[in-house]
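Please work from the sequences and hints to get the whole structure.
Protein chains: 2
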Amino acid sequence: MEAFDQYIEKHRKSYLEELRRFCRQPSISNTGKGMQAMAEMVAERLSGLGAEPRLITVGDSYPYVYAEIGEGRRTLLIYNHYDVQPAHREDGWAHDPFDPVIQNGRLYARGVADNKANLLFRIQSVEAYLAVYGRLPLRVRFLIEGEEEIGSPHLPRFVESYADLIQADGCIWESGRTGHNGNPVLHLGLRGILYVELSIQADQRGMHSSWANIVENPALPLEERLRQALQTLMDEEGRPALNGLETPPLSQEDLALLETIPFDPATVQVEHGVTLRPGLSGVEALRRVLFEPSCNICGLGAGYTGPGIKTVIPNRAVAKVDFRLPFGLTPDEVEIHLRRHLQAHGFEEIQIRRLAALHPARFSPNAAIVRAVREAVRTVYGVEPTIYPLMPASGPMYTLCQVQDIPAVTFGTGYPGDNTHAANENIRLKDYFRALRCFGRILDRFASLED
Amino acid sequence: MEAFDQYIEKHRKSYLEELRRFCRQPSISNTGKGMQAMAEMVAERLSGLGAEPRLITVGDSYPYVYAEIGEGRRTLLIYNHYDVQPAHREDGWAHDPFDPVIQNGRLYARGVADNKANLLFRIQSVEAYLAVYGRLPLRVRFLIEGEEEIGSPHLPRFVESYADLIQADGCIWESGRTGHNGNPVLHLGLRGILYVELSIQADQRGMHSSWANIVENPALPLEERLRQALQTLMDEEGRPALNGLETPPLSQEDLALLETIPFDPATVQVEHGVTLRPGLSGVEALRRVLFEPSCNICGLGAGYTGPGIKTVIPNRAVAKVDFRLPFGLTPDEVEIHLRRHLQAHGFEEIQIRRLAALHPARFSPNAAIVRAVREAVRTVYGVEPTIYPLMPASGPMYTLCQVQDIPAVTFGTGYPGDNTHAANENIRLKDYFRALRCFGRILDRFASLED
Chain A
0 MEAFDQYIEK
10 HRKSYLEELR
20 RFCRQPSISN
30 TGKGMQAMAE
40 MVAERLSGLG
50 AEPRLITVGD
60 SYPYVYAEIG
70 EGRRTLLIYN
80 HYDVQPAHRE
90 DGWAHDPFDP
100 VIQNGRLYAR
110 GVADNKANLL
120 FRIQSVEAYL
130 AVYGRLPLRV
140 RFLIEGEEEI
150 GSPHLPRFVE
160 SYADLIQADG
170 CIWESGRTGH
180 NGNPVLHLGL
190 RGILYVELSI
200 QADQRGMHSS
210 WANIVENPAL
220 PLEERLRQAL
230 QTLMDEEGRP
240 ALNGLETPPL
250 SQEDLALLET
260 IPFDPATVQV
270 EHGVTLRPGL
280 SGVEALRRVL
290 FEPSCNICGL
300 GAGYTGPGIK
310 TVIPNRAVAK
320 VDFRLPFGLT
330 PDEVEIHLRR
340 HLQAHGFEEI
350 QIRRLAALHP
360 ARFSPNAAIV
370 RAVREAVRTV
380 YGVEPTIYPL
390 MPASGPMYTL
400 CQVQDIPAVT
410 FGTGYPGDNT
420 HAANENIRLK
430 DYFRALRCFG
440 RILDRFASLE
450 D
Chain B
0 MEAFDQYIEK
10 HRKSYLEELR
20 RFCRQPSISN
30 TGKGMQAMAE
40 MVAERLSGLG
50 AEPRLITVGD
60 SYPYVYAEIG
70 EGRRTLLIYN
80 HYDVQPAHRE
90 DGWAHDPFDP
100 VIQNGRLYAR
110 GVADNKANLL
120 FRIQSVEAYL
130 AVYGRLPLRV
140 RFLIEGEEEI
150 GSPHLPRFVE
160 SYADLIQADG
170 CIWESGRTGH
180 NGNPVLHLGL
190 RGILYVELSI
200 QADQRGMHSS
210 WANIVENPAL
220 PLEERLRQAL
230 QTLMDEEGRP
240 ALNGLETPPL
250 SQEDLALLET
260 IPFDPATVQV
270 EHGVTLRPGL
280 SGVEALRRVL
290 FEPSCNICGL
300 GAGYTGPGIK
310 TVIPNRAVAK
320 VDFRLPFGLT
330 PDEVEIHLRR
340 HLQAHGFEEI
350 QIRRLAALHP
360 ARFSPNAAIV
370 RAVREAVRTV
380 YGVEPTIYPL
390 MPASGPMYTL
400 CQVQDIPAVT
410 FGTGYPGDNT
420 HAANENIRLK
430 DYFRALRCFG
440 RILDRFASLE
450 D
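First to last, the sequence lines map onto chains A and B.
Counting in numbering that gives the first Met the number 0, the first sequence tops out at residue 450, every number present.
Counting in numbering that gives the first Met the number 0, the second sequence tops out at residue 450, every number present.
It should be emphasised that the hints constitute simulated quantities derived from the structure, not laboratory data.
Quantities reported herein were computed from a predicted structural model and do not represent experimental measurements.
Any given hint could be a false lead.
Claimed, not checked - Computed footprint of chain A on chain B; a stretch qualifies when at least three of its residues, placed anywhere within it, have a C-beta under 8 Å from a C-beta of chain A:
(1) 10-18
(2) 81-95
(3) 223-237
(4) 259-272
(5) 284-290
(6) 309-322
(7) 415-427
Claimed, not checked - Sample of chain A residues facing chain B (criterion: CB under 7 Å; computed from the structure):
(8) Ile-149
(9) Pro-152
(10) Thr-310
What the hints assert, rightly or not - Some chain A residues close to chain B (C-beta under 8 Å, calculated; not the full set):
(11) Arg-190
(12) Tyr-194
(13) Met-206
(14) His-207
(15) Gly-272
(16) Leu-279
(17) Gly-300
(18) Ile-308
(19) Val-317
Don't be surprised by glycine CBs; every beta carbon is placed ideally from N, CA and C.
Structure (structure tokens):
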């Protein structure tokens with residue numbers, strides 16, 4: 000596929016410029032900022048392939064962008080999302096998160112790693128394939144949603160209403176990255192998630208802060224109460240302390256699989272700039288991340304802590320907590336266990352509100368789409384990819400793929416220092432163009448592989 | 000002024016509809032939402048008077064809306080703001096804060112009490128005066144800014160650049176309300192404010208929450224540390240515990256003034272639905288609110304606590320704190336005392352960021368504009384207004400009026416249950432139309448009163 004690689008090399012500059020343009024457009028599903036504009040930008044890009052993209056809304060969803068192109072024995076579903084996490088410069092960004100900056104071979108911008116680079120290189124790859132070879136050897140279906148970062152709330156209804164649009168023999172999932180050793184990592188599934196808001200209300204109204212001299216301020220006691228509840232949710236090692244969330248024993252097969260994955264806690268610690276819980280071996284750390292549920296405090300506080308000023312005596316404290324769920328545990332189960340736990344610990348006054356819920360998903364390494372990606376990776380990267388049974392993060396893979404029995408695998412431009420969901424999110428440009436070249440091979444291999 | 004009152008009665012429905020329209024337009028200076036549209040809506044309304052409004056920006060300010068109309072011996076400056084505080088339904092609103100609802104003779108909407116009703120009835124009053132009497136007996140200057148709720152950061156530069164536009168013999172200030180006994184309250188000044196953000200950073204990066212099984216989550220310790228610092232800022236009675244913020248002794252005149260103000264803590268407690276610090280007499284409570292500095296926690300928290308979901312292991316805790324300053328204390332002084340205090344208590348790692356600062360202001364009760372308002376109130380309300388030396392809240396009165404020696408006084412539609420800055424903000428419609436009628440008399444009296 001030399002001609003394909005040459006074509007990409009020739010379009011390097013314009014492809015990169017396009018990526019910057021995508022990153023410049025805010026698309027924050029949490030607040031709605033820029034969502035419609037982003038959906039239209041994606042659809043326009045797909046038109047450029049000669050496809051006839053559709054913007055489909057389900058109820059009051061943000062638009063799903065759908066397009067289909069090519070013909071052949073096999074059909075590939077490409078799932079991405081055009082929405083990104085919120086970002087404020089004061090979160091620690093070195094620059095405006097929506098003003099992409101290239102530095103040291105990296106492109107920094109909110110959403111570039113999750114998921115605009117992956118979204119775009121796949122489109123560019125199809126374009127390059129068409130330009131060089133005149134036709135695709137298979138049918139490609141793009142499904143690009145705008146609600147992944149808020150838990151894909153409308154996807155079940157979308158799948159129900161448009162089941163015929165997504166039928167496929169395999170799916171390339173939105174994310175994907177290389178590991179610490181530089182080898183591509185393929186995930187064959189992902190963890191589920193239950194994201195809840197816990198809140199506690201004072202028995203007084205919120206009030207203008209000019210009364211502070213004589214009105215009791217409940218911020219500290221409210222927040223203290225919430226903290227006490229949060230502390231009961233985890234044991235000393237940070238594991239969920241809820242009854243019912245104990246980890247089932249691992250199969251011999253999964254234990255063996257764990258041993259094949261290179262994972263060095265010290266490297267994670269340095270590359271991510273975080274502190275790991277002490278005394279974890281690589282295998283044990285990995286076992287926890289892939290096969291244990293987690294409980295994480297995404298935030299807790301009382302009153303106003305957003306940007307700028309609000310002058311009020313607060314009357315409410317809130318915590319945002321997410322539970323990641325290994326294969327076999329459902330969000331409904333966890334919510335029931337959480338309610339029972341708070342009751343049992345005397346926190347009856349704490350309200351639980353479910354903000355997102357996704358099932359875990361997992362597929363076999365023997366599916367044709369997985370084999371196609373492995374072969375393509377060997378060709379371009381010259382190494383064997385690392386196979387993760389599932390990825391520590393979450394997504395609607397169960398709804399979109401597991402229910403329809405469409406094997407899914409990740410392949411993309413992320414790397415361990417990409418700061419996904421955090422400040423200074425970035426990708427390495429070399430990863431971008433290597434993934435772009437590899438994707439042409441994936442199309443090729445998947446079209447021709449035996450079952 | 001019977002014809003004037005009849006004119007208002009005849010236009011009651013359209014005036015009210017106009018108020019709803021103003022409230023329907025979000026205008027949140029904190030986020031920028033709807034600001035330009037709101038400025039244009041205000042300017043268009045002023046055009047309706049036959050004035051030629053200007054939208055003036057200073058640096059990257061939101062537009063100041065300025066208009067001048069009428070001629071006469073005296074000039075009246077009318078200062079208002081078209082921006083409002085942030086509002087989310089989940090803060091406790093019974094409905095969308097930007098979908099005004101009329102219930103039990105009240106209009107509920109974010110910003111109606113602070114400050115859209117006051118903004119609009121003054122314009123409508125001038126309109127009615129012109130319609131009934133053909134001309135105004137004085138020159139009226141409207142200055143309506145869009146940054147009051149974020150501390151009027153550009154007003155000093157505006158005043159410097161456009162000093163000629165604001166020269167006047169008296170000023171009607173943006174706010175104003177009735178007291179618990181139903182009598183209008185006139186404020187002759189207001190407290191200053193220093194609003195700071197205190198923050199503390201973990202020595203790890205923020206990170207995607209899918210790593211929670213093996214990464215330490217610093218949310219609780221960070222927030223605990225911030226809580227410890229906040230606890231040192233106040234004594235057991237909630238008074239600022241900083242050196243240098245002791246209250247200076249009150250003059251005999253001010254003590255006597257305090258005795259003239261009807262103020263019942265029990266009523267405040269019930270009407271506002273809050274808990275007062277125990278054991279405060281009316282005079283003592285009032286003394287604290289008007290003549291003591293305050294320290295209030297507007298919010299504290301770690302990580303993400305905003306609407307919707309964000310899945311991250313936090314690395315920063317933040318507190319928003321405001322100090323209200325009695326006449327004689329400046330924001331600069333308080334910030335110095337705060338820095339020294341945190342140093343002295345071992346909280347060197349806590350960052351202080353100033354988000355807003357306003358000087359206190361205070362004027363004489365003998366100014367012509369004050370006498371004009373008192374006389375007008377007597378005529379329309381049939382009672383003597385209560386004179387507050389200053390109001391517990393803050394605003395840029397020092398910058399706009401004190402520096403230029405333009406006596407200012409409040410007169411408006413607020414009342415003790417209006418929930419300013421909180422959920423379910425509202426005004427009573429009877430207050431609105433009574434204020435509208437009264438304002439015609441204010442114009443009249445101010446034009447003709449002796450010095």
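Evaluation of the provided hints:
no. : hint    : result
1   : 10-18   : violated (count 0)
2   : 81-95   : holds (count 4)
3   : 223-237 : holds (count 5)
4   : 259-272 : holds (count 4)
5   : 284-290 : holds (count 3)
6   : 309-322 : holds (count 11)
7   : 415-427 : holds (count 5)
8   : Ile-149 : holds, 6 Å
9   : Pro-152 : violated, 10 Å
10  : Thr-310 : holds, 5 Å
11  : Arg-190 : holds, 7 Å
12  : Tyr-194 : holds, 5 Å
13  : Met-206 : holds, 5 Å
14  : His-207 : holds, 4 Å
15  : Gly-272 : holds, 4 Å
16  : Leu-279 : holds, 6 Å
17  : Gly-300 : holds, 2 Å
18  : Ile-308 : holds, 5 Å
19  : Val-317 : holds, 5 Å
When each numbered hint is compared with the structure, violations occur for hints 1, 9.
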